[in-house]
Amino acid sequence: MKKILIVDDSKAMRMIVSRSLRQAGFGESTLIEASDGASALEIIRAEQPDVVLSDWNMPNMLGIDLLRAVRAEGCKVKFGFVTSEVSEATKQMAREAGAAFLLSKPFTADDIKTAMKTIA
Amino acid sequence: MSTVERVRIVTAPETGKVLSALIGKPVQVKELPPAKTLDDLHVVATYVHEDGTLAAAFALDLTVAAGLAAALTLVPPGVAADSIRARKLEPMLEENLHEVFNIAARFFSSAKSPRIVLKWTGVPGDAALKQFWATAPTRSTVELTFAPYKGGRIAMVAH
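Taken in sequence, the protein lines are chains G and E. So in our numbering, spot 35 of the first sequence is number 468, and the numbers just go up one at a time. So in our numbering, spot 51 of the second sequence is number 129, and the numbers just go up one at a time.
Don't take each hint at face value.
Not close to chain G: a few residues of chain E, all C-beta gaps over 12 angstroms, as computed [what the hints assert, rightly or not]:
#: 1; residue: I87
#: 2; residue: K95
#: 3; residue: P154
#: 4; residue: G203
#: 5; residue: T216
#: 6; residue: S218
Below, simulated DSSO-like cross-link-like pairs (lysine-lysine); rule was C-alpha separation at most 30 angstroms, straight line [said to hold, decoys possible]:
#: 7; chain 1: G; residue 1: K444; chain 2: E; residue 2: K103
#: 8; chain 1: G; residue 1: K524; chain 2: E; residue 2: K103
#: 9; chain 1: E; residue 1: K208; chain 2: G; residue 2: K546
#: 10; chain 1: G; residue 1: K546; chain 2: E; residue 2: K95
#: 11; chain 1: G; residue 1: K444; chain 2: E; residue 2: K166
#: 12; chain 1: E; residue 1: K114; chain 2: G; residue 2: K444
#: 13; chain 1: G; residue 1: K444; chain 2: E; residue 2: K228
#: 14; chain 1: E; residue 1: K103; chain 2: G; residue 2: K436
#: 15; chain 1: G; residue 1: K511; chain 2: G; residue 2: K444
#: 16; chain 1: E; residue 1: K108; chain 2: E; residue 2: K208
#: 17; chain 1: E; residue 1: K190; chain 2: G; residue 2: K524
#: 18; chain 1: E; residue 1: K190; chain 2: G; residue 2: K546
#: 19; chain 1: E; residue 1: K208; chain 2: G; residue 2: K511
#: 20; chain 1: G; residue 1: K524; chain 2: E; residue 2: K95
#: 21; chain 1: E; residue 1: K166; chain 2: G; residue 2: K550
#: 22; chain 1: G; residue 1: K511; chain 2: E; residue 2: K166
#: 23; chain 1: G; residue 1: K550; chain 2: E; residue 2: K103
#: 24; chain 1: G; residue 1: K550; chain 2: E; residue 2: K208
#: 25; chain 1: G; residue 1: K524; chain 2: E; residue 2: K197
For the record, the hints were derived by calculation from the structure and aren't laboratory data. Values in this document were obtained by computation on a predicted structure and should not be read as measured data. A virtual CB, placed ideally from N, CA and C, is assigned to each residue, including glycine.
One chain only, chain G, in its complex shape:
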């Protein structure tokens, strides 16, 4: 994974995801950040990350709408959600839209490592 885009409106959570990725062995990857879905879409177009880790509930554009917009443009970037959403309905919606996984907050470095293995 050369380039990982972390999308979350919470600066604290972006920091936690970055820290967990480093602890999970992704310290060599380039980590880039976006604070909402709309800016993430621009970054995906410009930077073409290998993986997108996105929150679900964000201002301007929800994470699920970001994923749908990305797929609508024909982009096949690997996409996972990191969210406090835990319902089966949410997980199903994520799968149907093309997400590889939905990781529930809070999570450990081992959790993120396991999730990332599914898209390695």
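Given the coordinates of chain G, work out where chain E should sit on it, guided by the hints.
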């Protein structure tokens, strides 16, 4: 979804597990008698069903609010102590606390339960909220310890 469906609250040990995963530190929990009022609780968050009806509330005393907010991003304990002395969280801790509240939706949610989302955070002065708190049929109050930060008391209610 029925809005009269009872919202569950996680057990005290589960509360500790969620918070421990969140801040990356061991969190000891001790169950306390459920708080019947919001007295002595510094900040509160409300959670709603998808139709907007109030489902649950989560409140923290000042020391645990400052401690959890600081521990979230490894802010030194002294910064949390300064906020406790000033009786007001500094902006960075306020922002971190919002994320704690966001994740605390987990205290009222499971894979099979109705979706509950964070609606509002603030000081516990609103009369409707006090009424909601006083009449909640399900409640839990827990003392948290997570060195080197100062622990304190958290309380949850759900309808």
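Status of each hint after checking the structure:
no. : hint            : in the structure
1   : I87             : 15 angstroms, holds
2   : K95             : 9 angstroms, violated
3   : P154            : 15 angstroms, holds
4   : G203            : 26 angstroms, holds
5   : T216            : 19 angstroms, holds
6   : S218            : 18 angstroms, holds
7   : G/K444 - E/K103 : 20 angstroms, holds
8   : G/K524 - E/K103 : 28 angstroms, holds
9   : E/K208 - G/K546 : 43 angstroms, violated
10  : G/K546 - E/K95  : 19 angstroms, holds
11  : G/K444 - E/K166 : 20 angstroms, holds
12  : E/K114 - G/K444 : 34 angstroms, violated
13  : G/K444 - E/K228 : 23 angstroms, holds
14  : E/K103 - G/K436 : 29 angstroms, holds
15  : G/K511 - G/K444 : 22 angstroms, holds
16  : E/K108 - E/K208 : 24 angstroms, holds
17  : E/K190 - G/K524 : 11 angstroms, holds
18  : E/K190 - G/K546 : 25 angstroms, holds
19  : E/K208 - G/K511 : 46 angstroms, violated
20  : G/K524 - E/K95  : 22 angstroms, holds
21  : E/K166 - G/K550 : 42 angstroms, violated
22  : G/K511 - E/K166 : 42 angstroms, violated
23  : G/K550 - E/K103 : 25 angstroms, holds
24  : G/K550 - E/K208 : 47 angstroms, violated
25  : G/K524 - E/K197 : 21 angstroms, holds
This entry does not satisfy hints 2, 9, 12, 19, 21, 22 and 24, going by the numbered hints stated previously.
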